[in-house]
Each structure stands twice: as structure tokens, then as C-alpha cells.
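**Student:** Sequence:
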Amino acid sequence: MIAMKRAVQTLCVATSFPWAAVGTSTSAIISRSIASSSSPTFLPSASTRPRRSTLLAFAPHLPYSDKVTQQRYRHLIRTTTKMSLSTSTTDTVQQTKNRVALLQLPVTSDKTQNLQTAKDYIQRAHEAGAQLCVLPEIWNSPYATSAFPEYAEILPGVGDSMKDHNAGNKDGGDWGLSSIMLMEMAQSTNMYIVGGSIPETCSEKIYNTCLVVDPSGTIVGKHRKVHLFDVNVPGGIRFKESETLCGGEGATYFDVDGEDNDESGLGRIGVGICYDIRFPEYALLLTQMHQCKVLIYPGAFNLTTGPAHWELLQRARAVDGQCFVLTASPARMPPPPPEDGGGGDEKPKYPHYSAWGHSTV
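In terms of this note's numbering, the sequence shown is residues 9 to 369.
To be clear, the hints were calculated from the coordinates, so they are not data collected in a lab. Be careful, since some hints might not be right.
Claimed, not checked - Computed cross-link-like contacts, BS3-like style, restricted to lysine-lysine with a CA-CA straight-line distance of at most 27 Å:
| # | residue 1 | residue 2 |
| --- | --- | --- |
| 1 | K119 | K248 |
| 2 | K105 | K213 |
| 3 | K119 | K213 |
| 4 | K213 | K248 |
| 5 | K119 | K171 |
| 6 | K357 | K127 |
Can you make the complete structure from the sequences, with help from the hints?
**Tutor:** Structural data, given as C-alpha cells:
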């Protein structure tokens with residue numbers, strides 16, 4: 009198959025704090041090329057063996073210990089992204105065909121900061137020549153069911169563009185800042201953006217929703233997470249998305265054509281969110297009925313399910329569909345210190361959630 013013969017060049021803009029998995033750096037760009045004459049190449053994760061890729065660290069590895077002060081913690085949260093971005097090249101690299109970027113972002117409870125972080129990383133992917141970038145699941149909000157209603161936004165629909173927003177058409181005047189930023193950045197960088205996911209409010213319901221924006225700033229895909237993540241692992245984790253969220257319906261895909269609409273582009277790409285990857289039927293629907301050659305899953309697996317299932321499920325879906333599978337996770341974050349509401353007598357506003365990380369192709 010042509011889609012399997014062509015090379016898919018991948019750039020992971022991955023931020024992993026020092027307390028994340030062994031072998032990661034504070035901030036790094038991981039570039040990787042994948043090519044096969046008959047099927048995708050399945051690569052082990054960074055936690056199992058050294059990457060076969062070029063790794064360029066932009067900040068020193070700082071071992072985490074109890075001696076790290078609250079002031080140092082807050083300094084890291086505020087400046088790690090800025091450090092990694094400021095050290096990247098300022099020269100704009102020409103866009104490279106079929107290059108994708110997985111953006112592993114640090115997410116905080118400050119929505120304004122999260123939007124700026126995402127914007128900076130999208131710009132960084134553009135400067136590295138990416139044609140398409142992928143944000144992680146729930147990148148504008150803490151990953152907590154109690155936080156979703158507060159951070160939820162009205163989102164545009166498929167076919168909407170910034171023209172609708174600027175002209176005040178439809179409900180364009182009510183769109184949230186997250187979707188507007190994604191549409192503006194797609195337009196200014198001439199990239200496809202798979203916008204991870206953000207909480208969406210619609211008809212008094214809340215969804216976990218991914219927007220796909222093309223280089224003109226038009227919404228070409230809108231996926232509402234179908235399979236909600238409800239889990240209760242004794243001694244591990246309890247998390248029930250159904251306490252707040254509603255499940256979506258239907259399959260989502262979009263096309264990235266080559267020059268002159270030939271078959272040299274990335275082709276048809278299917279989209280799911282996190283726990284959607286657990287179900288082979290959805291992936292087979294995308295690959296068999298809709299002929300998708302690439303599947304993208306923004307996800308936020310945790311420290312219990314991540315080591316057990318994250319890479320395993322990606323490999324399973326890739327084998328099932330004989331396709332490429334891309335995943336983007338938030339960066340792993342430590343619990344906030346007591347002064348920030350993380351301990352002592354003062355309880356945090358939202359329960360802390362640690363993502364597994366390991367954004368993967």
C-alpha cells in the first residue's frame with residue numbers, strides 16, 4: 009500500500025519533568041522517521057530501551073527529591089516551557105512533507121497559562137517543519153471531572169472558520185478561547201492541528217472533544233470521546249468520567265492530501281480520544297470502512313493503566329488495522345506542594361492526576 013510505503017517523519021516536542029519516567033529529559037525534541045515496504049515499524053517506548061533517534065536536550069536533568077523547595081517547584085512550572093522554547097532555533101524551517109509533531113505539554117490549573125503553553129509548542133512545531141501537530145487530551149484544564157464544567161467551552165462545528173467568528177455568524181461569537189487559538193494558529197502556521205481535547209459544553213451537556221483544524225483555520229473534524237473512562241482499581245486509581253461527561257457518537261476522520269491532491273500526503277486520518285483506543289471495533293471501523301491509514305489518539309493514561317496498557321494498545325491497534333498509530337499525552341506533573349493547596353489542612357481544589365506521558369508513534 010502506498011500509505012505504508014511512504015516515510016512518515018515524526019517530531020515529538022516532549023516535555024517530561026525530572027520526576028517523570030527514567031531516561032527522559034526535562035525538555036527535548038525527539039525526531040524520528042518511520043518507513044516500511046509493507047507495514048508500520050513498531051518501536052519500543054523510551055522506558056524499555058534507548059530511543060533510536062536523535063535526542064537533543066535543552067535543559068539539564070534535575071533529580072527530584074524531597075529537598076526540592078516549594079519555590080523551586082513553582083519556578084519549574086513557570087519556566088520549564090519557556091526555557092525549552094527559548095533555546096530552540098529562531099530560524100523558520102521549511103515545512104517538511106508528512107512530518108508530524110506530538111506535543112507533550114505541561115498542564116496546570118491556570119487556563120491562560122495552558123493556552124500560552126500550547127500556542128508556544130505549536131509555534132515550535134511549525135519552526136521545526138511539521139505539517140501536522142497533535143496536542144494531548146485535556147490540555148487546557150486539570151484532568152479532573154469536577155474541573156470540566158468550569159473549564160468547558162462552546163466549540164465550533166465542522167465547516168466553521170474564523171470568518172464565522174469575525175462576522176458573528178452562527179454561534180461564532182460565543183466560541184471559547186481554546187478553539188479560537190487553535191484556528192488562528194493553524195492559519196498562521198499553515199499546519200493541520202489535531203487539537204488534543206478540551207471540555208465542551210453543548211445543550212447543557214459536557215463532552216470530551218477533539219477539534220481538527222486545517223491550514224485555512226477551518227474545522228474539518230470534531231470528535232467527541234465515545235468511550236468514557238470509568239475505572240476503580242483497588243490500591244491504584246478511581247476515576248469516573250461519566251460523573252460529568254457524556255459520550256459522543258460516530259467515527260471521525262479527515263484527509264491530508266499531497267500536492268495537487270495526489271496520494272503522496274498523509275492520506276485519511278482517523279481520530280479517537282484516550283479510552284477509545286481500548287476498543288478494536290472503533291479502530292477497525294476507521295481502517296476498514298473509512299480506509300484510514302493513520303490513527304491519532306490524544307490520551308492521558310495514568311500511572312496505573314499507563315505502564316500496563318498504553319504502548320500495548322497502540323501496538324494492538326496498529327497490528328489490527330495495519331496502520332500507523334500516533335498518541336500524544338500531557339507531560340507528567342507532580343502533586344502541588346502544601347502551600348499551593350496540595351497537602352496539610354488545605355485540600356486542593358481539584359484531585360491531582362498524573363499522566364503517564366510517553367507520547368508515541
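**Student:** Against each hint, give a clear statement of whether it holds in the structure.
**Tutor:** Taking the hints in turn, this is what the structure says about them:
Proposed proximity of K119 and K248 is supported: the alpha carbons are some 23 Å apart, at most 27 Å. At most 27 Å may separate the alpha-carbon atoms for a hinted pair to count; K105 and K213 exceed this at roughly 39 Å. Restraint check: the Cα-Cα separation between K119 and K213 comes to about 21 Å, which is no more than 27 Å; the hinted pair holds. The straight-line distance between the Cα atoms of K213 and K248 is roughly 16 Å, inside the 27 Å bound, and the hint therefore holds.
Annotation: proposed proximity of K119 to K171 holds, straight-line Cα distance about 25 Å (limit 27 Å). As the CA atoms of K357 and K127 are separated by approximately 26 Å, the hinted pair is consistent with the 27 Å bound.
The earlier numbered hint that this structure contradicts is number 2, and it is the only one.
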